[in-house]
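**Q** Sequence:
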Amino acid sequence: MSLKSFLGIALVVFVIIGCAGQKEQVIRIDTRHGEIVAVLFDDTPVHKSNFLDLAESGRFDSTEFHRVIPDFMVQGGDVFSKEEMPAEEWPTLPAEILPHHFHKKGMIAAARQGNNINPERRSSGSQFYIVLGEEYTELELTTDMPKLQAAFMQYVQLQSQDSLRMLYNQLYEQEEFDSLTQVILSKRDEIEQSLNMKLTKDMSAEQIQAYTTVGGTPHLDGEYTVFGEVISGIDVAEKIAQEPRASRDRPVNPVYMTVKVESMSRSQIEREFGYVYQNEK
Numbered sequence: 022m023s024l025k026s027f028l029g030i031a032l033v034v035f036v037i038i039g040c041a042g043q044k045e046q047v048i049r050i051d052t053r054h055g056e057i058v059a060v061l062f063d064d065t066p067v068h069k070s071n072f073l074d075l076a077e078s079g080r081f082d083s084t085e086f087h088r089v090i091p092d093f094m095v096q097g098g099d100v101f102s103k104e105e106m107p108a109e110e111w112p113t114l115p116a117e118i119l120p121h122h123f124h125k126k127g128m129i130a131a132a133r134q135g136n137n138i139n140p141e142r143r144s145s146g147s148q149f150y151i152v153l154g155e156e157y158t159e160l161e162l163t164t165d166m167p168k169l170q171a172a173f174m175q176y177v178q179l180q181s182q183d184s185l186r187m188l189y190n191q192l193y194e195q196e197e198f199d200s201l202t203q204v205i206l207s208k209r210d211e212i213e214q215s216l217n218m219k220l221t222k223d224m225s226a227e228q229i230q231a232y233t234t235v236g237g238t239p240h241l242d243g244e245y246t247v248f249g250e251v252i253s254g255i256d257v258a259e260k261i262a263q264e265p266r267a268s269r270d271r272p273v274n275p276v277y278m279t280v281k282v283e284s285m286s287r288s289q290i291e292r293e294f295g296y297v298y299q300n301e302k
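So the numbering used here is basically just the index in the sequence shown, starting at one, shifted up by 21.
It is worth saying that the hints were derived from the structure and are not from the lab. There's no promise every hint is true.
[What the hints assert, rightly or not] The following label-pair restraints were derived from C-beta to C-beta distances:
no., residue 1, residue 2, range
1, Glu161, Asn137, 23 to 31 Å
2, Ser284, Met218, 27 to 35 Å
3, Thr221, Met187, 50 to 58 Å
[Said to hold, decoys possible] In silico DMTMM-like links for lysine to aspartate or glutamate, alpha-carbon gap of 25 Å or less:
no., residue 1, residue 2
4, Lys281, Asp51
5, Lys168, Asp223
6, Lys219, Glu159
7, Lys260, Asp51
8, Lys44, Glu283
9, Lys281, Glu259
10, Lys168, Glu227
11, Lys281, Glu156
12, Lys103, Glu264
13, Lys219, Asp183
14, Lys208, Glu197
15, Lys69, Glu85
16, Lys208, Glu156
17, Lys168, Glu196
18, Lys222, Asp92
19, Lys69, Glu197
20, Lys260, Glu56
21, Lys219, Asp165
22, Lys44, Glu293
23, Lys222, Glu117
Backbone N, C-alpha and C fix where the C-beta goes; we use that ideal spot for every residue, glycine too.
When you get a sec, could you build the whole thing from the sequences and use the hints?
**A** Here you go:
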């Protein structure tokens, strides 16, 4: 073997060993329902650094999961309310919205104020949510539902669609809205062709695979910064989401958290939690 070939092989081995031994920060969120373990993404550095700073300084401790919605998400980490900081002084973070970090089940994202007062989509400086969501069919995922619904109402006014209009009215009066949605979806391609309009939306193969098997909240994609992922304890988040709720989806019995940071090598994380690191784009 030539020296050049030997050095090339040695370099590859060195890189592999170096990546496997690379230290990562593992987030441990402890609640009365159990522990949630997560990792944060390197390609959302502002959000990662901010979360680690809050966790390592103990500022997340004794905050609550203050908004919980089954099959949607659990939200918490309101540090600044706990510290009684005036609302006008609450810091925000610049958006780090990346297309390959989307809202599949188990993702961690930053809460924020709405577009009407926050067009830059800046994130809350502390509040985060864990995505739960539900599974979707590929037809549901790839359909522009608001546009289809508007087109459907136009379509059923055609004289040739009297029977479809009657079915729509019947299902609506009986409040069978799930069945009504399926009827509307089943007519998508027919309406596209009849009205000569595009009613589909683009989804990546990765999104379709995730949302049809694991689930999530695809309507939030592109709107909020996703900066981490749960690698153990998603069942704990689901238990939190099932808490009896008062107004504004706040649990009747508070669900407090403590958040710790632990350094682990990637190889140890993969071995202990079965989490496979992907190349960040």
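**Q** Evaluate each hint against the coordinates.
**A** Each hint, compared with the structure:
1. Glu161 to Asn137: 23 to 31 Å: holds, 27 Å
2. Ser284 to Met218: 27 to 35 Å: violated, 54 Å
3. Thr221 to Met187: 50 to 58 Å: Violated, since Thr221 and Met187 (Cβ atoms, about 27 Å apart) do not stay within the stated range.
4. Lys281 to Asp51: holds, 8 Å
5. Lys168 to Asp223: holds, 14 Å
6. Lys219 to Glu159: holds, 17 Å
7. Lys260 to Asp51: Holds - the C-alpha atoms of Asp51 and Lys260 are around 13 Å apart, at most 25 Å.
8. Lys44 to Glu283: Holds, at about 10 Å.
9. Lys281 to Glu259: Roughly 21 Å between the alpha carbons, so the hint for Lys281 and Glu259 holds.
10. Lys168 to Glu227: holds, 24 Å
11. Lys281 to Glu156: violated, 31 Å
12. Lys103 to Glu264: Roughly 21 Å between the alpha carbons, so the hint for Lys103 and Glu264 holds.
13. Lys219 to Asp183: At roughly 24 Å apart (the allowed maximum being 25 Å), Asp183 and Lys219 satisfy the hint.
14. Lys208 to Glu197: Within the cut-off at roughly 17 Å; holds.
15. Lys69 to Glu85: holds, 20 Å
16. Lys208 to Glu156: Distance of about 21 Å is within 25 Å: holds.
17. Lys168 to Glu196: Given that 25 Å is the threshold and the Cα spacing comes to 21 Å, the pair holds.
18. Lys222 to Asp92: Holds - the C-alpha atoms of Asp92 and Lys222 are around 23 Å apart, at most 25 Å.
19. Lys69 to Glu197: It is violated: about 44 Å lies between the C-alpha atoms, which goes past 25 Å.
20. Lys260 to Glu56: holds, 11 Å
21. Lys219 to Asp165: holds, 9 Å
22. Lys44 to Glu293: Since the Cα atoms of Lys44 and Glu293 sit roughly 14 Å apart, the hinted pair holds (cutoff 25 Å).
23. Lys222 to Glu117: holds, 23 Å
In summary, the structure is inconsistent with hints 2, 3, 11, 19 from the numbered list given earlier, while agreeing with the others.
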